[in-house]
Every structure is written in C-alpha cells, then in structure tokens.
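Q: The listed protein sequences derive, respectively, from chains A, B, C and D. Those letters in the first sequence? Residues 1 to 367, by my numbering. Those letters in the second sequence? Residues 1 to 367, by my numbering. Those letters in the third sequence? Residues 1 to 367, by my numbering. Those letters in the fourth sequence? Residues 1 to 367, by my numbering.
Hints in this document: simulated from the structure, not taken from any laboratory. A portion of the hints provided could be inaccurate.
Just so you know, same-sequence chains aren't split out, so a pair can sit in one copy or run between any two.
Stated by the list, open to error - Only pairs whose alpha carbons sit at most 25 Å apart, straight line, appear in this in silico DMTMM-like list of lysine to aspartate or glutamate:
1. 105 <-> 318
2. 140 <-> 355
3. 357 <-> 3
4. 357 <-> 172
4 protein chains.
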Amino acid sequence: MQDIGMSKRAEQAYSFDDVAIVPARRTRDARDVDLHWKIDAVALDYPIIAAPMDSAMSPATAIEVGRLGGLGVLNLEGLWTRYEDPLPVFEAIAAVPDVFAATRKLQEVYAEPIKPELITRRLEELRASGQWVAGSLSPKNVLQFGHVVEQSTPDFFIVRGALVSAQHVAVEGTPLDLAKFIQTLDVPVIVGGCADYHTALHLMRAGAAGVLVGFGGGARHATLSVLGIEVPMASALSDVAEARRDYLDESGGRYVQVIADGSLGGSGDIAKALACGADAVMLGAPLARATEAPGRGYHWGAEAWHATLPRGWRTHVDTLGTLEQILLGPSHRADGTMNLVGALRQTLASTGYTDIKSFQRAELVLL
Amino acid sequence: MQDIGMSKRAEQAYSFDDVAIVPARRTRDARDVDLHWKIDAVALDYPIIAAPMDSAMSPATAIEVGRLGGLGVLNLEGLWTRYEDPLPVFEAIAAVPDVFAATRKLQEVYAEPIKPELITRRLEELRASGQWVAGSLSPKNVLQFGHVVEQSTPDFFIVRGALVSAQHVAVEGTPLDLAKFIQTLDVPVIVGGCADYHTALHLMRAGAAGVLVGFGGGARHATLSVLGIEVPMASALSDVAEARRDYLDESGGRYVQVIADGSLGGSGDIAKALACGADAVMLGAPLARATEAPGRGYHWGAEAWHATLPRGWRTHVDTLGTLEQILLGPSHRADGTMNLVGALRQTLASTGYTDIKSFQRAELVLL
Amino acid sequence: MQDIGMSKRAEQAYSFDDVAIVPARRTRDARDVDLHWKIDAVALDYPIIAAPMDSAMSPATAIEVGRLGGLGVLNLEGLWTRYEDPLPVFEAIAAVPDVFAATRKLQEVYAEPIKPELITRRLEELRASGQWVAGSLSPKNVLQFGHVVEQSTPDFFIVRGALVSAQHVAVEGTPLDLAKFIQTLDVPVIVGGCADYHTALHLMRAGAAGVLVGFGGGARHATLSVLGIEVPMASALSDVAEARRDYLDESGGRYVQVIADGSLGGSGDIAKALACGADAVMLGAPLARATEAPGRGYHWGAEAWHATLPRGWRTHVDTLGTLEQILLGPSHRADGTMNLVGALRQTLASTGYTDIKSFQRAELVLL
Amino acid sequence: MQDIGMSKRAEQAYSFDDVAIVPARRTRDARDVDLHWKIDAVALDYPIIAAPMDSAMSPATAIEVGRLGGLGVLNLEGLWTRYEDPLPVFEAIAAVPDVFAATRKLQEVYAEPIKPELITRRLEELRASGQWVAGSLSPKNVLQFGHVVEQSTPDFFIVRGALVSAQHVAVEGTPLDLAKFIQTLDVPVIVGGCADYHTALHLMRAGAAGVLVGFGGGARHATLSVLGIEVPMASALSDVAEARRDYLDESGGRYVQVIADGSLGGSGDIAKALACGADAVMLGAPLARATEAPGRGYHWGAEAWHATLPRGWRTHVDTLGTLEQILLGPSHRADGTMNLVGALRQTLASTGYTDIKSFQRAELVLL
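Take the sequences, apply the hints, and build the full model.
A: Now the structure itself:
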C-alpha cells in the first residue's frame, strides 16, 4: 500500500506491459507441451475462446474457431440478432471514414431492436455445424432474452458485460439475480467481466463455470477516460486466481475457470495472462484481424455503441491472414499476432513447462 | 519519504493519470445514484462549478450552466469587465494563428483597465436570469474591487488565484487579509487555489465556504516549466480532504467544501477527483469545448496574460457540442468529454455507490 | 519482491536504460587503462566478440575483427554454409522494401539446407587468415553438424540459441546433452543465451568456457511480443555474475567468462554491461553498421527467419564507417556508435579504473 | 538501495524532471524577495553565471551579462582564443545543415591551436568593460595556459571539464595537481563538473571557491550514450550540498558555493536546482537563445568537438529575445525561457521565501 496524500492509500497494480515471464533452468521440446483445456464437459485443443464481438464473430467464424480447436461464441444481442441480413450494416460501418462519425453510426445501427426469432435461428446455425454452441448476452438483456437462449440449449451461456457483479442493487424494477438464473439453467454459464477478488468470489458462489476477468472489448482506455475505472490485468488475474483457490477450498473442490478477457494484444500477452493465473483467454481484436472477420478491418465492442455514454471506439485493425493462420500458423510476422497457439506452446517449452496448470507458477519479473 | 541524494527528502506525489478507481463487489442502477450537492444555502443538481475563465464563461454561458443544474461563475476581472463589448476582442484573440503571438495578444488586450461599473452591470445580468449569481476576483484585485462586487450581493464570491495563502506577507503596502475580508462579507466565499494541507487548513479557518485545490486554468505544465512548482492533484486532494476532516473536528462541525480545480480533462478525471476526497469540481477546458463558449475553440486562464511572466498558453480545444450535451449528454465520443454528469452517475453505479460522500471512500489503485 | 495482486510476486528487473554509471572521486588518464581480455588460451586487445549473425559477420569481416584486436565469429548455419555464393542472397534480402515481406524472404532463403562441406570450407578460410577461428551453431544443429565443426579444430566453438539450458528435456528423440558434448570436445565452448542464475550455473557446470547472457540478435522486443519472455539485461548480468562467483568457489577456482549478448546499442551500453558484472560483450547491430557488413544496411538474427514463428525483424541500420572506425575510431558521432573501444577506455578513465575486473565494481545509479 | 539482480545494488537517482517544488502555507510579495548572491569578494544581483561556451559567450555577451547583474565567463580555449576573428568560423558552423556534418565541422575548426596572446587580449577586453572578469580553461589546458590567464589577474578562474576530480592519476607525465594550482593562485577558482559527494568534498578541500555540479554543456544524453555515465542533477546537487555542509564543519567555517551546471532548460529548473541545495546556477543553452549569442541559433559544448570521441551535438535553439529580456524580462512565453530572474523571484514569493539560502529548504515532491 502506498500513501496518496494524507487521507488515501492504494495498491500498485500491474498491467501485462509491466511484467515479463522469465526463463527457468530447464527447456523442453515444443512437441511435448500439452495445451488441452477442459471446461465443464467440454474439452478444447487449447485454452482460447473467441470473444462474442460482432467485429470478430459471425456464425461462420464462430464455427470456424470451433473447427480449429477453440471455442467460438456468438454475440446474441449484436447485429446478427437485430438484422435478418447484417452484411450491409457491416459494410456501412466500415464505410464511415471518421472515427467520431463511426460512433454515431454504431449508435444508429444498434438502435434496431433484438429479434428473439433471430436468436433462435443463429443458435440453430451453430448447432448444425456440429461444433460446440455458445452464445452471449449482457446482464441487462438476460431477463428478457435468457429464456429464448435457454430453449436452444446451447453448450455454453456467456453473460458478459463491462462490469458485472453478483450483487446488482436496484431500487426500482427487478434486477437480474445471477445466482438464481445460473441455478435454474441446465447450461454451464461463463460470466464477467470482473476485476477484483470479492466480485469474482461472489460470481463463483453464484455457480459460474468460468469467470471473465477484465473489461473486454478493447475498451480499457475509453473506460479509464470516461469513468476513471481501470484494473490492470496482471494484478486483476492474480487476485481472481486467489479467489479461485479460496473458493475451491470453501466449495470442497469446485474449480472455477478463470478466463482473461481484455488487454490481450497478441501471443505474448496470452502467455502472461496464464502465468498470472488465468486458465484460458477470451480473444477479440486478435481474431478481428482474420480475413474472415465480419468487421472488415475494424473492431469494436458493445461499449462503443452505448446510446448516451459510449465507452469504446471503432478501431482499425490490420487484416493479416486466415483464422487458421492466426491461431495455428505459420506466422510471417514477429509481433505476436499470428500462430497464437504455436507461440504459447513455445513459451511453455522455453520455460520448461508441459501444461497450463503448472505454467501458472511461472516466474515473472517487473519491467 | 524517499531520499533525493544525501541532504533532501521528498514524498512521492500522484496525479490523476497515476490512479484509477477499482470496481467493488456491488453494482447499482445508474438511476439510483444521487448527485445532488449542497454548498452553503445553495443546492445544485450535481457537484460541478464552471471555472471563471473568459474562454468558457460569459454572462450567457454562466446563466446556461445554472439552468442546466450546475453553478456558473463569471470572471469579474476579465474581458467582460474591461470592455463594454468584448466580442471583437474574443474574435481578435481567436484570429491570431500562432501560439506565441497569442501570448502577446493576450498581454495586450488584458492591459485594458477593469471598469467597476461593468462589474456591477455583469452581476445584474446574472441576477436577472434567476440563476445563482457568482463572480470571481483574484486576491490582488479584491482590495480594489471587492466592495464593488459586494454591493451587488452575489450568492457566491470566488477569490481565485494561481496560489493563494491565508498568510500573504508583504513588507510594503497592505496585503489582503483574507480572514478579515471573509468575515466582513455577507456572501459565502470560495477561495483558492491551494495544494497542501496547511494552506487549506488556514483558508478554512479564515472562514471559506469552499477551498479550491489546484492551480486551475490548464496552466499546470507552464507553472512547472516557469516556476518549478507543481502538486499533483490526486495527492493534493487527499491532503486537503485531511485538512477538511481536521478542521471539521477543531471547528466543532463546520464542513468546508473541497473543490478540485485543475487537471480535469474529462469525466474520468472528475470521478477520480471525487474518489480522492473532493466534494465538487470546477471545470474550465471541458466547458470551453461548448459551441456557446466565448473562446471560439480556444482556452486560456489568467496566468496566460501576465504582463511580464505569463505562465499559461492559449490552447486549442475542439468544439464538441452544446453545454447541455457536454454536461448532460447524450455523448457521441468515448473520451470523457461529453455527458460529464451521466458518466459520473455511471461510475458511481458501476462501483456500487449512491452518493458522492460515500463515493469518496472508493478504492483506488496506482497504475 | 513486489506483490502482483494476491497470488503472484515478482522481482523488479532492470535494463541498461534503467541504470547509469556514476563517477568516482578519482579520474585517470585514458592511456593508463588496460582493456586486454583473456578467455581460455586466447588473449584479445579488448573484450569484444562479434556476434555470429549473417548481417554482420562474413568470413572477411570475422577476419577483420580479429585483425583489429577482437574476436570474429562466423555463423556456421547461416547463409555462408547454405549457399556456395551467398552474395546474391544478401542482395535479394536488402532489395525487399517492406519489413513484413522481408520476413517472408528470410523464411524463404533460409529454407535452403546447410551444407557440411561449406562449414568446413568457411572454417578453412578463417584459419588461412592467421586470426583466431571461431564458429557457431544453434543447439538444435549441434548433434547433426557438431562433428563437422570439430574436425576443423576451431579455436572456439560457440553454441548459441535464443534460450539455451543445460537440461533440455524431450520425450521423443535424443536431445543435446551439453555437458557430454562439451567434455568430448577439445575446443573451448562458449554457450548461451541464458538469463538467470540457475541456467547459467548449470552451463558453467557443463564445462563452458564462457556463457552468453541475453537473447542476442536484437530480438528482445519481438520475443516479448511473441512469447511474453524477457529478462532485462542489467539484472540478468548481475544474476549470472553471482553464478560465476558461486561456481568459482564450488569448482575450486574455475573462472567462467560472462559475456553480455543483447541490448547493446552502443558504447554506453557496453560500459554498463561490464559494470553490471560482464567480462566481455558480444556485438551484433553495432558491427552491422560497418561499411564492410554483409547486411548492406540491414540487420537480422536467427529468430527472424523461423519457419513458423519468427521472433525478430529485419531492421534497418545506418552504415557509419569501417569496422576499424566503429571499433577503434576516430568517431564523428556523439551517440556511442563509433570508437567503441575508445569510449570504453574513456569510461574507465573517467571513473578511475584501470582494468575491466575492477571496473565491474563501478557504482551504478537507477535513473 | 535497490537490488539490481543478485550481485549489484544501486541508489535511485532523480533528475529535475522527477521533482517539483510544493507551495507552503505562506506567500510573499515578489518585491520582497532578495536574490543577491555573494561569492568570494564578488556580489551579484542574482545567482546566475553564464557558462563559458562559445555558442553563448563572446567577450561582448560576457560583458553584457555582467552589465545586467550576473557573471559572464569567457571560454579561454574556444574560438575566441584560437582565431583572431572567429566570426567567419561561427558563420561556417551555422551554415552546416546536417547535425552529423556539424560534428565534423566542429572537430575541424577546433583543431586550430590556442594562441596565448589571444587569451591575454580577450581578458583585456573584458577588463576594459569595468565588469567582473572571468575566464575558463579545461583541466588538461591549465598546466599549459594557466599562467597566461593568471598574468591577466581575472576576478575568477574557472576550471571546467566534463568530469573533474581532485585526484587525477596518470602513470606518465605530470597531471594537474588542482590543490597546488589553486593554492598558488591569487584568483578565486571555481571548479567542476563533479557529481558526487566525495569528488566535491575533495575539490572543496583543494581550495575551490565554488564547485560546478553536473556535466555542463547540454551533453547529458550524449555522455550517457557514449560513456554510460550519468548522475541525475537533483540527486547530485543534494549530495554535493551535503559535502558543503560537512566541509563547512571540518574547515571551521569555509562555505564553498555549489553551482548547478547542466540540465537547466529554463526558469523552473533553476528554481529546482536551488531547492535541491545549489547556491547558484551556470547557464548555457538558455543564454544561447539570446539574439546577441554568437552561436546564431546553435548551441554546443566542448564535448561536441572532441577529435576522436565527441560526446555532444551541435543543437538548434530558438532565438527568443535579447539577453536582457531572457534574464530580466518581460517574458512573452510561458515555457520558462524568458525573464529567468523574474520567474525565480516569483517562485520564492509563491512559496514564502525571501532569500536563496532559506529557499534551499523548500519542500519537494517526486512526480
């Protein structure tokens, strides 16, 4: 704890940029590294979930991520459930030259209401692919559309907002009771974002199969500018990993997956997230760089189209290669944007670890 | 305390950029947040005072801020009390292309003397609007023009300088005795800027209804370059909040409002200021971005036109929208410049607080 | 140790940019400074080894470095052992205008297999010059080509990879057993890069005459972006210097040379490396700036041409002068890029030291 | 002390940019501030010495600084003592467009030998003005030209090099024995630069009237790049101020002036230097910005023309106004470059001090 003047104290918090992984005295063959990840009944080839963001995930790209060994998640309150055919809308967003005008355009196109029948139809498209089916809603839409989602019996229900708590208090109306909602569902629920020990612990107690750590959606700087709120990811993950351990003990053995969601610019950040205690990562911008990405070289999150208080921008991203090249390589760039899985495998090999769980103990330094 | 070499020690001080607010385990509905603020007999919809700076406040914009629920303050030693019709002067300032030439232009136009009759007339214009009437003088002009202001019985008298102390010492002449001045006035006085515990405590003892913390007027960098003086705002507010608590005790219950005045670039900084202990904020640059602002896309403070030692620049600001949009939204930008009140409401909701006083206890991290 | 959240701790690590050498109360004549360095049976005029990187070292430049008093090292798995005449390949690399396209070009030209007969021929060219003969392989090529190198009986065998450990573990195949390899060789072996106490100690125990500290090859930022791995050099050297001292004790007097390899931008960094505990430095980019350098104004390391996960870029370097001017001066630039040896001599003189060993005790400050 | 890895420790050092002066609870009238400074028998209006750098000081500008109340110092081994008429040389230096070519031009023109008769003539020009007469040599030229300077009986002899020690050791030749030299002179000697407690203490014991702290001449970054040496000024001044105090005690009352020489970009830095313990400052770049400055918009120090290892650049500086405006105002810029004396007066007034000696106790914060 540091003193900020005479009446306030604060902990120093660290972002991924503040830390690095250090080599250990043993190295291993990359072929001996095992990246498999299991959450609830689902086993994936590696611990990567695609973020349910319109710029990255269409039904087609969500299916493709599944085919490549990860988990695709469709945003069930985005353009695909507001528009029968959202492609012209994506085109219109990409056509706006100016970043400020883009905010207004996003506010405009997302004013279109969500159609329950489109939620059902999109989930059927995913189901038809044979891949795992996962869709997301924000907390404020769960009461209205949660049962629609439930009827399609997806494999995962993601409840994802900028800041989610298990104790949302409202004087008027009925707020979402996350614990009750999760317990009545047959589907495993992943919920977040959160960024501190107590919120995470409450979400674990509410029955979540996984908690998302971070604000998600590339909106970190905007959230800091608009709300003054930020929790740097390295510290946040370390705190939530402690909540996981404490909850594991208090629950007599229920292991809740900790999923880093935000500030993950490339493969180096993915490795750091795991070394800080995450079990898996949720990726937005890195996948929006795929040739198949619906965003056509642009990336935005749900914060970017808030009607009265947008907290994110439409940002430009380079289009680098196919989803397969981005996830599995080969890479032709030395910046951590391609062959994300190969890079993670190499980091574990270089530091002598064979699996994610043991890699969470990797040594860090502060830069 | 850190050692700076062998013979000097210093505390680490923190600016708003060094800190962030962290979420708590509870969230609330933004509709349940109460931002009302009371200073002396005056109740405002939210704790925002417009800074008495010519680039932002004309009689018309001061009235408009009041109409929108805040408190407008007119600079009573600026262009509106030096010129019968200052509009051509504003035009001339905006017409200077070069920032260095602008300093000379400011020095030139502010060489025109202050007219007591214009002070009276401007205050009458404010009074006629039905909104709260508030005007400011710098300490050096209080002796000469204070009584002129007093005769108009404004609702607030703001004594605002770059660095104000309750113990100004002069060998020759009669310096302003702030305590005596405040006690003889019928009008509540807000006084500053100050930046440390002791100065603030003395200003509180002198009878101020509120103390301004900070140098004000966007002149922070220039003050550091020219004088070597700076007190980062997060630490300064925390120190002055401690003085407020100590004075509350020693006075047997007089609560002096702590008002952050400076380094407030947008809504994120406003939230941080309150979380560091401020009761309210005084805004310059954010309001100079209004379409109604007299500065026409430029912003400057009183330091910028000092005749022999200017300590601030005429800076360019983007013109973003009406005062109403800037204060109350809706926002079309994710940078904290619009819907300042909505953003503050959202920060409190996201961190689980329903009022400013409890939000002062919000948890911070160091970035 | 600092807390990174509740479940993780880390040491603060320092790079050369974080430290500076401080003057002492005595100064000396630069002429009285003795920079001679001895490793195994070899005595050099100053403690500088040229890095075996294709952009800097051809047979001709390796010989020239020797003639000038340092030690040249040829990369025995680079373009000179893949191509009979690599000059057109160097031209082709330099002709690619775009940095991203350059990565693909490097991947392409380095796909050509290594020819054992070219290894032998290049070493013969070096031998014919009368200078010390030194060549390098990466660990993964030692098993296949190590005996070819050995047959040419070079004066030094450098085993150099991005991250080398004495305990490489592989489930399948036979990994390189460094200790056994070194013990069977008649030639002294320099091995690295490593970056921590334990790895360095194991490499010392394996019989290395010198250990390379750092990732080498200008790939620091890329390694951090791609793998999340970094060990800032000032701290890494200090750690490995401690291993040297401990191994000196446990071995009853075997002094293993600690050689800084990486992050050495110019003469200031060379001085800092020695003051952090290094006995010598291995230079890549500084020598790639020579008019004789094969890279023709470009510089790259082995990480830059990895087939599926490149971790370095082809970077542009200014061509400044001859190898002689760069190493021995005179300098016409005040940026530490020329007269590297003269600068080092001046640093020792300015801080009162007459030899490298005592200069390792020089006082540092944190900037 | 911080650990840099396992075998090295270092103190954190602070530059002027790391610190700021904080206001105190008392303010004063600027008219009540007394800036007079006395060194040996000489009283100046304010504690400012002009640095003996060719770009700033000609005989004419040295005289003008004296006329304005400060102390001008002429470089006695620069262009004015190498050339009968140096004006064409200054023109030639300014005419070189490229910064790298400028280094070669400086090396070329300073290859011209120093003429003893010109030393005598320049000192006579200064004497004729009626102002204080002060000239400088570097330590390496004192043995050869010191007696020439002495014969002209200047009021001050400045011995100024990049790094000066009282214990220069040389195996061959006779090094300068500063203590003996100073004791045999009738003229008070100011000597430096130094940057640490021990060197400063030895220079004080050698009999110096003042010690220069810092590397001088704007060469800080180049010295760091080339030699790896730097001592941030805030810490260095604090250390040397401690040496002053200890020497005051051990000498039974001899007070040696501590003069900050380097990193002084403007008036804010001057104030910080005094608040860190300096008694006075020596200014180069700020005076090179004068219309009268011989450098014609360029600035360089003696390090910039070293024949084999230059450690400074010819840098561009804006030409802002006359020496009088720069020193005494009025200022038309809010960046600390004009009205240096007025700014210093204002800093003392704003923080409640009336003289430099008490201002050395001013409170600092770390930014």
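Q: Take the hints in turn and mark each one as holding or not.
A: Verification of the hints:
1. 105 <-> 318: both (21 Å within a copy, 20 Å between copies)
2. 140 <-> 355: between (37 Å within a copy, 23 Å between copies)
3. 357 <-> 3: between (36 Å within a copy, 21 Å between copies)
4. 357 <-> 172: Result: close only across copies, 22 Å inter versus 44 Å intra.
Hint violations for this structure: none, all hints satisfied.
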